[in-house]
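Student: Now for the letters of each chain:
Number of protein chains: 2
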Amino acid sequence: MTMIDSFEELHDRLVEAGVLVPAGVDGLYARSRAFESVAGGVMSLVDAWGDSLDAERLAFPPVVARTTFERTNYIESFPDLMGSIHVFRGDDKDHAELLRRVAGEKDWPALLEPAETVLASAACHPVYALCTGTMPPEGRLFSVLGYCFRHEPSIDPARMQSFRMQEVVYVGDESGARSHRDTGLRFGLAMLRGLGLEMDAVAANDPFFGRAGRVLASGQLEQELKIEGVTPICSREHPTAIMSANCHQDHFGIPFGIQAADGSVAQSACVAFGIERITLALFHTHGLDTTTWPEDVAAQLGLGRRA
Amino acid sequence: MTMIDSFEELHDRLVEAGVLVPAGVDGLYARSRAFESVAGGVMSLVDAWGDSLDAERLAFPPVVARTTFERTNYIESFPDLMGSIHVFRGDDKDHAELLRRVAGEKDWPALLEPAETVLASAACHPVYALCTGTMPPEGRLFSVLGYCFRHEPSIDPARMQSFRMQEVVYVGDESGARSHRDTGLRFGLAMLRGLGLEMDAVAANDPFFGRAGRVLASGQLEQELKIEGVTPICSREHPTAIMSANCHQDHFGIPFGIQAADGSVAQSACVAFGIERITLALFHTHGLDTTTWPEDVAAQLGLGRRA
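So the protein lines, in turn, are chains W and F. Residue numbering for the first sequence follows the working numbering, starting at 2 and increasing by one per position. Residue numbering for the second sequence follows the working numbering, starting at 2 and increasing by one per position.
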């Protein structure tokens, strides 16, 4: 294993090797061909698992309807991470004023209005809006992919502001949700270990905001609703979560008006893969030149080999 | 050819067939597996062309540095299309006020602040920020992909708010730019005709905003800086642009401080492919069930055939 001791060092080595190209803001990068090839291979493996479950595959755009976002209660739990999209709806005169204010560094955002959309915070959010109503007895399964935005500027390459999340999501009843979460955790750990990553599973909590958030976090931890698959990237003491398996209970069933087949409020679960983080963990483990990666890892990822 | 007379009819048929899934806002859709397979095939064909030119391949996230965006002058030309990202940087007390205002439909955007990023308006914008300085004599070529946002809500499925644009971009001198634009136009038309699309090339202009914009538009048209590859989707009189080949002159060279090898201000050109529009044109031409598409089209797109 390549020895890298800090995320600053990993960042610099990835940039020097051209795997990531800094895009002018901390946590924002262009991805190289090599990065995309590995990421594509990882996504194909998750796709194949979703297909084996007969999940409906959907790709979501990076923006989501504001009405959907509002129903997720994300703004209550993670206001510091969201990205609200604002647009200009004025005329020629307003435009002249907008340009004057932008040039003068005055209060130009006041001339914009909230759009019908916000940036997607999680790949699975649009799924629940598609489920309003009553689920079949076996529930519904979705295999989804989308770019997510989290406003947490950092030079830790594993903490990007804009990254892909792939999820296999179940919506149905409590036992189905628990079972999907457990099956998905097993699949994910096995898949990632099969790619040569050292994986551990740990109960975790989301980074809920503020004082009230501490209560939510400890409740989530106590009930073991969120299990993360973690791997050491720059630190053994603080390994990085590259996948998670989550029981949402009725968190989405209530606001989206979803019922299980027996008429109770639907429960949901998702198994989520952080594509950028998994890709980084692979580069960290196998080195910055993919042509030297172990044959079996390259084969699983569908990487072409050069002579 | 499937006869579809209006974009409302095309919209309804695509939705009924499950090719696109409406996502709660006009112009916002989830993409089905079939849609993604076709889109992936199109992107591979463009990738292969970029590779044949030895272009540097980069995938960009759907958000771009605000400083990059500001240098493109997009806000001067297309203020109505852009999406500005705003974030919450407050404390517990501010958060409580934010939630009160959201619930009370009061002026909550005033509690947000502009982020360091905006939504990407064009896939090629981040390229110019990477080119600041002097180009080699042969110029530089990039093959880039990114999700773009344009705020123009519409039920015309060919006018999505969030869509992928793939571009092969040249940065160098005037003759290199002109030559890349012409070569790319020929490649694009041939590739799209090879997929069974009826293509025409027409001089066009961007939808510049307002009164001043009309002057810019007619200048662009007169100098034939923008050539669109158009195909009839819902109308023969108003075919849809699914690719374009553009000479930017020094539009990006000046604000990004780029010089050609001879010390003059760099010129640039891009050949852009609207992945969603090309995919829609293919579904329109060959039908909503990809398993019935002509063998040679399916083979070029790498579509697996079912028995």
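It cannot be assumed that every hint is accurate.
Because identical chains share one entry, a pair is satisfied inside a single copy or across any pair of copies.
Subject to a maximum C-alpha distance of 20 angstroms in a straight line, what follows is the list of computed SDA-like cross-link-like pairs (lysine to any residue) [unchecked claim]: (1) 94 / 197; (2) 94 / 74; (3) 107 / 154; (4) 107 / 97; (5) 107 / 90; (6) 94 / 107; (7) 107 / 88; (8) 94 / 53; (9) 107 / 68; (10) 107 / 77.
It should be emphasised that the hints constitute simulated quantities derived from the structure, not laboratory data.
Student: With identical chains, the pair residue 107 and residue 90 could be close in the same copy or across copies; at 20 angstroms between alpha carbons, which is it: within, between, both, or neither?
Tutor: Both. Shortest intra-copy (19 angstroms) and inter-copy (19 angstroms) distances satisfy the 20 angstroms Cα cut-off.
Student: Treating 20 angstroms as the Cα threshold, decide for residue 94 and residue 197: within, between, both or neither.
Tutor: neither (60 angstroms within a copy, 46 angstroms between copies)
Student: What label fits residue 107 with residue 154 when the C-alpha limit is 20 angstroms: within, between, both, or neither?
Tutor: neither (24 angstroms within a copy, 29 angstroms between copies)
Student: Since the copies are identical, ignore which copy is meant and state whether residue 94 and residue 74 lie within 20 angstroms (CA to CA) inside a copy, between copies, both or neither.
Tutor: Cα proximity of residue 94 and residue 74: across copies only (18 angstroms, versus 37 angstroms in one copy).
Student: Within, between, both or neither: how does the pair residue 107, residue 68 come out at a Cα-Cα threshold of 20 angstroms?
Tutor: Between copies, since 16 angstroms is at most 20 angstroms while 30 angstroms is not.
Student: Regarding residue 107 and residue 77, is the shortest C-alpha distance of 20 angstroms or less found within a copy, between copies, in both, or in neither?
Tutor: between (29 angstroms within a copy, 16 angstroms between copies)
Student: Under a CA distance limit of 20 angstroms, which applies to residue 107 and residue 97: within one copy, between copies, both, or neither?
Tutor: Cα proximity of residue 107 and residue 97: one copy only (13 angstroms, versus 27 angstroms across).
Student: At most 20 angstroms between alpha carbons: which applies to residue 107 and residue 88, within, between, both or neither?
Tutor: Answer is both: 17 angstroms inside a copy and 18 angstroms across each meet the 20 angstroms cutoff.
Student: When Cα atoms must be at most 20 angstroms apart, do residue 94 and residue 53 count as within-copy, between-copy, both, or neither?
Tutor: neither (57 angstroms within a copy, 48 angstroms between copies)
Student: Cα distance capped at 20 angstroms. Does residue 94 pair with residue 107 within a copy, between copies, both, or neither?
Tutor: So residue 94 and residue 107 pass the 20 angstroms test inside one copy only (17 angstroms; across, 25 angstroms).
Hints 1, 3, 8 from the earlier list are contradicted by this structure; the remaining hints agree with it.
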